[in-house]
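Colleague: Per the numbering used here: the sequence shown = residues 251 to 332.
Read the hints as simulated data drawn from the structure, not as lab findings. Note that beta-carbon positions come from the ideal geometry of N, C-alpha and C, so glycine has one too. Any given hint could turn out to be false.
[As the list claims (entries may be wrong)] Now the in silico label distances, taken between C-beta atoms and shown as ranges: (1) Cys301 - Gln274: 15 to 23 Å; (2) Ser286 - Ala262: 15 to 23 Å; (3) Asn310 - Asp270: 15 to 23 Å; (4) Leu302 - Thr267: 28 to 36 Å; (5) Gln322 - Gly290: 15 to 23 Å; (6) Cys301 - Ile263: 17 to 25 Å; (7) Thr321 - Ser264: 17 to 25 Å.
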Amino acid sequence: MIRKPLLREISAISATTQIDRGAQWLDIRYPEEHASSILGRSQNIPFNILCLQANRLDKNQRYVACSDDPTQSAVGAFLLLE
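With the hints as constraints, model all of the structure from the sequences given.
Modeller: Listed below in structure tokens is the structure:
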């Protein structure tokens with residue numbers, strides 16, 4: 251059985267537009283990588299503890315998962331959808 255993908259990949263421009271409309275960056279990199287980030291207003295929950303810390307997130311808030319690795323961002327977003 252084939253299902254439609256749960257995730258929607260968006261461009262950097264679209265992501266920035268989402269942020270401007272009230273979404274929040276969810277940086278899933280390690281804290282030391284996040285500290286050197288140029289992404290303002292981002293919340294950091296490292297990929298390796300994302301499932302454990304997901305309950306900290308506001309369920310009414312839209313998030314844009316980001317990292318240096320697009321595959322890691324996709325997996326992080328998928329974990330949050332689960």
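Colleague: With reference to the structure, classify each hint as holding or not holding.
Modeller: These are the hints, each one checked on the structure:
For the pair Cys301 and Gln274, the beta carbons lie near 19 Å from each other, so the given range of 15 to 23 Å is met. Taking the beta carbon of each, Ser286 and Ala262 are about 18 Å apart, inside 15 to 23 Å as hinted. Against the hinted window of 15 to 23 Å, the Cβ-Cβ separation of Asn310 and Asp270 comes to about 18 Å, which satisfies the hint. For the pair Leu302 and Thr267, the beta carbons lie near 31 Å from each other, so the given range of 28 to 36 Å is met.
About 21 Å separates the C-beta atoms of Gln322 and Gly290, a value consistent with the hinted range of 15 to 23 Å. A C-beta distance of roughly 30 Å is found between Cys301 and Ile263, which places it outside the suggested range of 17 to 25 Å. With their beta carbons about 19 Å apart, Thr321 and Ser264 fall inside the hinted range of 17 to 25 Å.
In the structure shown, a violation is registered for the earlier hint numbered 6 alone.
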